[in-house]
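Colleague: What follows is each chain in one-letter form.
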Amino acid sequence: MNLDLNTIWFVLVGVLFTGYAMLDGFDLGIGALHLFTNKDEERRLMLNSIGPVWDGNEVWLVTGGGALFAAFPNVYATAFSGFYLALILLLVALIFRAVAIEFRSKQPMRWWRQTWDIGFSVGSILSALLIGVALGNIAWGVPVDANGEFAGTFLGLLAPYPLLVGVTTVALFMMHGAIYGVMKTEGELHDKLRVWAMRCIIFFVICAVTLTMATLLYVPHMAARVRENPWLFSVALANMLAIANIPREFHHGNDGKAFLSSCATIATLMALFALNIFPNMIYSRPDPEHSLTIYNAASSPKTLGIMLVIACIGVPVVIAYTVCIYWIFRGKVKIDRVSY
Amino acid sequence: MDVLTLSRIQFGATIAFHYIYPPLSIGLGIMLVLMEGLWLKTGNTIYHQTSRFWTRVFALTFAIGVATGIVMEFEFGTNWATYSRFVGDVFGSALAAEGIFAFFLESGFLAVLLFGWDRVGPRMHFFSTCMVCLGAHFSAVWIVVANSWMQTPAGYHIVGEGMKARAEVTDFWQVVFNPSMVDRLSHTICGAWQTGAFLVISISAWYLLKKKHTAFAHASLRIGFIVALVAALLQIITGDSSARGVAKNQPAKLAGFEGLYNTTSNAPLVLLGYVDEKNQKIVGIEAPDLLTWLVYREPNGVVTGLNDIPPADRPPVSASFLFFHGMVGIGFALLAIAGLGCFYLWRGIIADKRWFLWILVFSVLGPELANQMGWFAAEVGRQPWLVWHELRTPEGLSAVVQANVVLTSLILFTLIYFLLFAVFIYLLNDKIQHGPHEDDLIPSGKLALPDELLHHKKP
Numbered sequence: 001m002n003l004d005l006n007t008i009w010f011v012l013v014g015v016l017f018t019g020y021a022m023l024d025g026f027d028l029g030i031g032a033l034h035l036f037t038n039k040d041e042e043r044r045l046m047l048n049s050i051g052p053v054w055d056g057n058e059v060w061l062v063t064g065g066g067a068l069f070a071a072f073p074n075v076y077a078t079a080f081s082g083f084y085l086a087l088i089l090l091l092v093a094l095i096f097r098a099v100a101i102e103f104r105s106k107q108p109m110r111w112w113r114q115t116w117d118i119g120f121s122v123g124s125i126l127s128a129l130l131i132g133v134a135l136g137n138i139a140w141g142v143p144v145d146a147n148g149e150f151a152g153t154f155l156g157l158l159a160p161y162p163l164l165v166g167v168t169t170v171a172l173f174m175m176h177g178a179i180y181g182v183m184k185t186e187g188e189l190h191d192k193l194r195v196w197a198m199r200c201i202i203f204f205v206i207c208a209v210t211l212t213m214a215t216l217l218y219v220p221h222m223a224a225r226v227r228e229n230p231w232l233f234s235v236a237l238a239n240m241l242a243i244a245n246i247p248r249e250f251h252h253g254n255d256g257k258a259f260l261s262s263c264a265t266i267a268t269l270m271a272l273f274a275l276n277i278f279p280n281m282i283y284s285r286p287d288p289e290h291s292l293t294i295y296n297a298a299s300s301p302k303t304l305g306i307m308l309v310i311a312c313i314g315v316p317v318v319i320a321y322t323v324c325i326y327w328i329f330r331g332k333v334k335i336d337r338v339s340y
Numbered sequence: 341m342d343v344l345t346l347s348r349i350q351f352g353a354t355i356a357f358h359y360i361y362p363p364l365s366i367g368l369g370i371m372l373v374l375m376e377g378l379w380l381k382t383g384n385t386i387y388h389q390t391s392r393f394w395t396r397v398f399a400l401t402f403a404i405g406v407a408t409g410i411v412m413e414f415e416f417g418t419n420w421a422t423y424s425r426f427v428g429d430v431f432g433s434a435l436a437a438e439g440i441f442a443f444f445l446e447s448g449f450l451a452v453l454l455f456g457w458d459r460v461g462p463r464m465h466f467f468s469t470c471m472v473c474l475g476a477h478f479s480a481v482w483i484v485v486a487n488s489w490m491q492t493p494a495g496y497h498i499v500g501e502g503m504k505a506r507a508e509v510t511d512f513w514q515v516v517f518n519p520s521m522v523d524r525l526s527h528t529i530c531g532a533w534q535t536g537a538f539l540v541i542s543i544s545a546w547y548l549l550k551k552k553h554t555a556f557a558h559a560s561l562r563i564g565f566i567v568a569l570v571a572a573l574l575q576i577i578t579g580d581s582s583a584r585g586v587a588k589n590q591p592a593k594l595a596g597f598e599g600l601y602n603t604t605s606n607a608p609l610v611l612l613g614y615v616d617e618k619n620q621k622i623v624g625i626e627a628p629d630l631l632t633w634l635v636y637r638e639p640n641g642v643v644t645g646l647n648d649i650p651p652a653d654r655p656p657v658s659a660s661f662l663f664f665h666g667m668v669g670i671g672f673a674l675l676a677i678a679g680l681g682c683f684y685l686w687r688g689i690i691a692d693k694r695w696f697l698w699i700l701v702f703s704v705l706g707p708e709l710a711n712q713m714g715w716f717a718a719e720v721g722r723q724p725w726l727v728w729h730e731l732r733t734p735e736g737l738s739a740v741v742q743a744n745v746v747l748t749s750l751i752l753f754t755l756i757y758f759l760l761f762a763v764f765i766y767l768l769n770d771k772i773q774h775g776p777h778e779d780d781l782i783p784s785g786k787l788a789l790p791d792e793l794l795h796h797k798k799p
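If you're matching them up, the sequences are chains A and B in order. Those letters in the first sequence? Residues 1 to 340, per the working numbering, in order. Those letters in the second sequence? Residues 341 to 799, per the working numbering, in order.
Treat the hints loosely; a few may be bogus.
[Unchecked claim] Every beta carbon over 12 Å from chain A, so not counted as near; a handful from chain B, in silico:
1. A494
2. R562
3. N606
4. K621
5. P628
6. G679
7. D692
8. M713
9. F716
10. F764
11. L767
[To be verified] The calculated lysine-lysine pairs, modelled on BS3-like cross-linking and capped at a C-alpha distance of 30 Å, are:
12. A/K39 x B/K771
13. B/K551 x A/K106
14. A/K257 x A/K39
15. A/K39 x A/K302
16. B/K552 x A/K106
17. A/K106 x B/K588
18. A/K106 x A/K192
19. B/K552 x B/K693
20. A/K106 x B/K504
21. B/K550 x B/K588
22. A/K302 x B/K504
23. A/K334 x B/K771
24. A/K106 x A/K39
25. B/K621 x B/K588
26. A/K332 x B/K771
Just so you know, the hints here were simulated from the structure itself, not pulled from any lab data. Predicted, not measured: the structure shown is a model, and the values here were computed from it. Think of the CB as a built atom: it goes at the ideal place given N, C-alpha and C, for glycine as much as any other residue.
Using the sequences and the hints, build the whole thing.
Modeller: What follows is the structure, encoded as C-alpha cells:
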C-alpha cells in the first residue's frame, strides 16, 4: 500500500465521516434518550445541551457526502441510487429531527411539544439506525453488476448482519450522547443521565461483543487485513482498551475522559472498518470482481489534487473555529431567553 | 408517469421549496450585519432591538433551509446517478468546496449569533454575524459555480465513451469562472438581498398599519428600503449582463425566453404578451429593435431564432417565455416600490400612505416569486440539456431506480414539505404577532456596554 492521492482521499473521506460520527453521534444519542424523561424542563435542558452545536455537527455529514461525490463519484452514484429508499428515509428522519429542535419550544401547548419531541427522538434513532445499516451493508457486501450499478433490492439491505450493525450504532450513539449529557448537566437530570449512561454502556458492550463475534464468524473478509498483518491487531486492541476505559473513567467521575474514550472508541471502530474494506469502497457480493475500489471509482488525479489543496486550506480553519465555538459554549447548560 | 417525469418533478419541487429559504438567509444576513453594525457604531439601542428580532426570524428560515438543503445533495446521487458519474469530477468539487468553505462557517458562527448574545462581547458577536452572512454568500458562490458550469461548461474535457464517458477537469479556474458564472452569481445574490430586504419591509409595514412598534418599524424600514433600492438598481445591470451572456453562450435559451422564431436583425423586445406556439408568433405588445439593441447595443445585430436551432435542441418555449417575462416584470415593479418607499421615508410621510403600506405588506412575495421564476427560466431554458451540449436530461437518470419508488418518495416529500410550510407560516406569524421584545431595548450580559464601546474605552 503506497500513499497515492486515491488513498489520501479514502482516508480524508473516512476522517469526515468519523468526525460526523463523533460529533453528531452525541446529538443523535441525546435525541434517542429524549423521551426517557417526561419533564418539560429536563427535555429542554437536554435539547439545549446540543442547541448551539448540532447544526454544525450535521455539516460533517454534508461535507462528507460532498467529498465522496467529488473524490469517488461512482461510489456516490451507485450507493445513493442503490440505497434509494433507505436514504429517503434517512432524509425524512434528519428533516424531522432538525425542525423539531427548532420548533418544539416555540409554543407552550403540551400536544405541540409532545409531537415535536417524538419527531426529534424517532428521527434521531432512525438516523442512527439507518447510518449503521448502510455501513453494515458496505461491510457485508452488496450485489453490484458489471456496469457498477447496484443489483439488489431495498428489503435485501435489511439482512441480519447490517441490522446488527445498525442496532450497535444506535447503542454506541446512545452511550456517547448520555456521557455528553452527563458532562453538560447538573443536579437531578445529571444523576438520571448518569444512571442511563451506565445502562447504555452495558447495552453497547453487549452489542459490540455480539457484532465482533458475528463479524469473525460470518464476514471473514472484514478481518482479513488484520489477520494478514498482525501488527494491525494493535488497532483492535486500542479499540478494546478504549471501550474498557469508558466505565472506568466514568466510575471515577472523570466524565470528560470517559467522553474522550467514547470518541476514541468511535475512531478505532471506523479505523478497523476502513482498514478491512480498503481498497474497496463498495464490496460486491457475490461477484467481488465488480467491487468499486478507490481506483476504479475515483475522480481524475487532477481533481483529487485540486481537492486536496481545498481541504488543506479549509479543514484547519474549520477545526480552529469549531474548537473556538465549543469553547465559547463550554460548561453546564442553562435555560435562558435565547434557548430552544 | 415514467421515472424521468417523476424524477424531474421531484427535483424541481424539492429545489423550488428549498429555494424559498436560502435567499431569505442571504438577504437577512446582510440586514443583520447592517443593523448590528449600526448599533455598534451609534449605540442606539433601537438597532439592538431590530438585530435581536430579525435574528429570531433568521433562525426560523435558516433551520428549514438547512433541513431541505441536505435533500438536494442526496438527490444528485439517488435520482441522477448517471449524471453524477458524468460530472462528479467537476461538479463534486464545487459541492465539496461549498461544504468546507460555506456550511461550516455558516453553521459554526450561527451558534454564536443565536445563542451567544450574553456569552461573548459585542465585537465578537458582530464578527460572528458577519461570518454567518459571509458563509451564506460563499454557499451561493459555490452552488452557482456548479450550476453555471452546467449552463456554460468550461475548463474540462470528455474522457471515455458511451456509458463510461465523463467530464474531467483540465483547468480549475476556468471551471470556477466559467462564462456565465459572474453574471449569474451577481444576479442571484441581488435577488437574495431583495428577498431579505422585502421581508423586513413587509413585516415593518404591517406594524405601521397596525400602529404598533412604530419606532422599530421605521428603523427597520430605513435599512430595508436602502438595501432594496440598491439591490433593485444593481439587478438591472446584472440582469442585462446575464441576458447578453445568454445571447452569446446559449442562443437557443434566449430565443426561448423571447419566443423568437425567425433569426433576424432589428429583433423586437416583447413587453407584454404570450407565445402562440402553433403559429410561431408572439401575441402582445412589442418594442421594435429593442432586443437587438439590448444584445448588441446597436440595432443591426442578428439575433438567432428558434427556427435555426434543431427541433431536438429547443427548450419549451411558452414556459421559458412566461417565467422569464414574469421575473423581469416583477423586477421592475420592485424597483418602483423601493424608489417610492425611499421617497416617502425621506419625506417622513410613509406612515400616512396606508394604500402603499398594504402593497408593502405583500411585497415580499415579489422577490420570492421572481427568484422562483428566474430559476425556472434558467433551468427550463437549458432543456433539453442537463449539461449544455454535453448531456441530455434523460441521459442523466439513475439506471436502477424504478418509477414506483420515485413516486413513493415524491409523495413523502410533498406531504412533509406542506407540513413544514404550514408550520413555518404559523411560527412566522406567531413571531410577527409577538413583535420585538421591549427588554431588547436594554442590552444585557456582556453586551450591556454601549457607552464604553462608543468611546472606545475598556471597562
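Colleague: Which of the numbered hints are not met once you compare them with the structure shown?
Modeller: Violated: hints 10, 11, 15, 17, 20, 21.
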